[in-house]
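K.L.:
In case you want the letters, here they are:
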Amino acid sequence: MKMEKSYKNKGARLLFYFLLISMSLISPFASSEETPELTNKPLENEITKILSRDIYCKKIVVQVRLSKENPNEIKTLAVKVEGAALGGMVADYVTVVYEKPVIDFNQLKKAKRFKIISSSGSKAGILISKKAIERYIAGKVKKQVRISIRFSPPYAECFFDIPVSEIPPKTMKLLDKYVKGKKLEGYAAVQFKAKDNALSILSSKVIVNHFLIPGAVRKELQNSIKQVERIGILSPLRYSINNVTVQNNYLFLTN
Amino acid sequence: MFRGKLKFLLGIIVLVMIVGAVYVFYLYQQGGTENYNPPMQKTDDPKVQILSEMTVLSGAVEAYYAKNLRYPDKLEQLKPEFIDKIPLETGTEKSFIYESDALDRYRITVSEPSRYGFKELFIENGKIIQK
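Each protein sequence line maps, in turn, to chains P and W. Position 158 of the first sequence, counting from 1, maps to 157 under numbering that gives the first Met the number 0, and the rest follow consecutively. Position 20 of the second sequence, counting from 1, maps to 19 under numbering that gives the first Met the number 0, and the rest follow consecutively.
Pulled out of the complex, with its shape left as it was, chain W reads as follows (with noise of 0.2 Å):
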């Protein structure tokens, strides 16, 4: 009796000693400068996705501005210096539709909205609008 319950506890032992050296490894393994990168952000929704996209390129006009105190007249001036490449539409893969006055205002809008559950989707001003 006492002996099988030593066994039993030695069992335990073995096996929390095997997985806290298997987790040691998985540590060292993951720690090598191979593995000096950013976590990886994804996500499946699309509506999250687009949302996502739109921001990060809102952003970037925001940043435009303050640097220039005037808006890019079209996308491809954000590149290098605030965006290094423009994100195309989720699903569709189209260019985000971009319009701007230089001075006082500008909108990004999705072309097709419907996709994403919306009837209107745009950032005017850094504000997001969904209708």
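If we strip away everything but chain P, and leave its shape as in the complex, we get (with noise of 0.2 Å):
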């Protein structure tokens, strides 16, 4: 009774590791049918540990694309950048791509360190939410200054309430008709410009104290501010920002 038990047992055994067998067998094929993409792991974990030391940010992303013609070469190398401060500002993705690019693979595995010698061209894209250029402000002015931002594409919409001891005296010398009471409440619509990593605003729309302001004086009140801001480099990634658009949730910055 006890032989016949044991046998049993060996027989549901050999099933099993016979199926399991032939399941790792079949599904190689399978898969590879599917999906003939070419990736190189060690490599992108291998990148992703040397940039995640540089760099500080939520998290890091990289995919290594291989040419199918030649799986030597690298077709694209992608680093997607979570959370990583861009100077004040916290971008929420920062991906750069780079095209048949040839690393420095001698620093890469001595160094440790990630350089790219060539590439034959790049895309950069970075994405910052209004909710990161809200934290932005808040952490440039005082308590008191409260201002909201909205995305209606291609204006960015801003609400403000400022008291007017905040407001720089160049700037309040334009609004002083504007301003009655202890403070600047109002809304206005704003377009971007970038350049070689600067970032700057252009207003298209500007209400204070129940007031629009007309344009010669927008015009002038925009000279007098000549709001600049610098676009942080991730190092080592390489990018040059010469354009911007106001989307749904973000503001995109390319290169």
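Be aware that a few hints might be false.
[Stated by the list, open to error] Examples of chain W residues lying across from chain P (beta carbon under 10 Å, computed):
{"hint": "1", "residue": "PRO37"}
{"hint": "2", "residue": "THR54"}
{"hint": "3", "residue": "VAL55"}
{"hint": "4", "residue": "LEU68"}
{"hint": "5", "residue": "PRO71"}
{"hint": "6", "residue": "LEU77"}
{"hint": "7", "residue": "LYS78"}
{"hint": "8", "residue": "GLU80"}
{"hint": "9", "residue": "ASP103"}
[To be verified] Derived pair list, reagent style DSBU-like, types lysine-lysine, alpha-carbon separation capped at 30 Å:
{"hint": "10", "chain 1": "P", "residue 1": "LYS130", "chain 2": "W", "residue 2": "LYS73"}
{"hint": "11", "chain 1": "W", "residue 1": "LYS93", "chain 2": "P", "residue 2": "LYS40"}
{"hint": "12", "chain 1": "P", "residue 1": "LYS129", "chain 2": "W", "residue 2": "LYS130"}
[Unchecked claim] Some chain W residues near chain P, calculated using beta-carbon distances under 7 Å:
{"hint": "13", "residue": "LEU26"}
{"hint": "14", "residue": "GLN29"}
{"hint": "15", "residue": "GLU33"}
{"hint": "16", "residue": "ALA62"}
{"hint": "17", "residue": "LYS66"}
{"hint": "18", "residue": "PHE81"}
{"hint": "19", "residue": "ASP83"}
{"hint": "20", "residue": "ILE85"}
{"hint": "21", "residue": "PRO86"}
By construction, these hints were calculated from the structure, which means they are not laboratory data. Just so it is clear, the structure is predicted and the values come from calculations on it, not from any experiment. Ideal placement from N, C-alpha and C gives every residue a C-beta, glycine not left out.
Hey, can you piece these two chains together into the complex? The hints should help.
P.N.:
Right, dumping it as structure tokens:
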């Protein structure tokens, strides 16, 4: 009786192993038929490790795709950095894609440094949410200053409530006629311009304390403020931002 | 003679004051919270309009890539994070033709380019091609 039971167990075990082995043999063929995409996981992991040491951020994703014709050649190398500080502002996503990049493997292996010697092209995209901008502004101004942002493509709308004491005298001189009381309350619709990693603001409509600011005063105001923000570069990634668009949830900066 | 000149001068001053008051009233009227909205951007030129729509769509596709490291399979995936609504072709109200291989390439094509004075009109990987 005991013998019979052990034979039964042995049979079941054998059947289980047979199924396991046959499944493991079948599955690689099935997956290779579906996606012939060539990647290089060890290289991706190595670059991710090195970049994580150099860039302070939430997460880094590296995607290496190899050429189908020549598996030794990298077709594209994409690096996505989440929650990285660009100067004072935290970008939600910074993505740089290099086409046919030539990586300095000596530096990578020996000095554990990531360096791209050359590439046939590159594409950079930075997404900054309105929350990130509000946080950045809140960090720069006093608590009494209230500023909120809304994205209405192609404009960014800004709602503000600022004590007069916080306004620079030069700006105050221009807005003197419109100030009644101790604060500047109102609205501004702005657009952005970017060149060589410098981000500037162009105002299209400004309302202060129930008065629509005339175009001439608005231009003068803009010239006096000339607010230019430098977009930080995440070393060792290289990019030059020259274009900016306002989208539903993000400010999208590209090269 | 002098009285006439004085009257004329006073008339001009009064006129300037009236114009000034009307202008101030206009600025005040335009400054209410109901006017807290961006300026309208309108163009009657369908060529300019279609190029603008395509550029907006292409920008949204590029932004999707920046977040996901792949292009969307269809334009609907851009909503609502990157675009409020997918624009239709000006004039024909047809949907733009969108093709993508997810990783390397995407193309947004106008179905009737001749309507806008082109033989071909599309955006491929962010580049406008108009022939």
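K.L.:
Run every hint past the structure and note whether it holds.
P.N.:
Do the hints match the structure? See the list:
{"no.": "1", "hint": "PRO37", "in the structure": "holds (4 Å)"}
{"no.": "2", "hint": "THR54", "in the structure": "holds (8 Å)"}
{"no.": "3", "hint": "VAL55", "in the structure": "holds (7 Å)"}
{"no.": "4", "hint": "LEU68", "in the structure": "holds (5 Å)"}
{"no.": "5", "hint": "PRO71", "in the structure": "violated (14 Å)"}
{"no.": "6", "hint": "LEU77", "in the structure": "holds (9 Å)"}
{"no.": "7", "hint": "LYS78", "in the structure": "holds (9 Å)"}
{"no.": "8", "hint": "GLU80", "in the structure": "holds (6 Å)"}
{"no.": "9", "hint": "ASP103", "in the structure": "holds (7 Å)"}
{"no.": "10", "hint": "LYS130(P) / LYS73(W)", "in the structure": "holds (28 Å)"}
{"no.": "11", "hint": "LYS93(W) / LYS40(P)", "in the structure": "violated (43 Å)"}
{"no.": "12", "hint": "LYS129(P) / LYS130(W)", "in the structure": "violated (38 Å)"}
{"no.": "13", "hint": "LEU26", "in the structure": "holds (5 Å)"}
{"no.": "14", "hint": "GLN29", "in the structure": "holds (4 Å)"}
{"no.": "15", "hint": "GLU33", "in the structure": "violated (11 Å)"}
{"no.": "16", "hint": "ALA62", "in the structure": "holds (5 Å)"}
{"no.": "17", "hint": "LYS66", "in the structure": "holds (5 Å)"}
{"no.": "18", "hint": "PHE81", "in the structure": "holds (5 Å)"}
{"no.": "19", "hint": "ASP83", "in the structure": "holds (6 Å)"}
{"no.": "20", "hint": "ILE85", "in the structure": "violated (12 Å)"}
{"no.": "21", "hint": "PRO86", "in the structure": "violated (11 Å)"}
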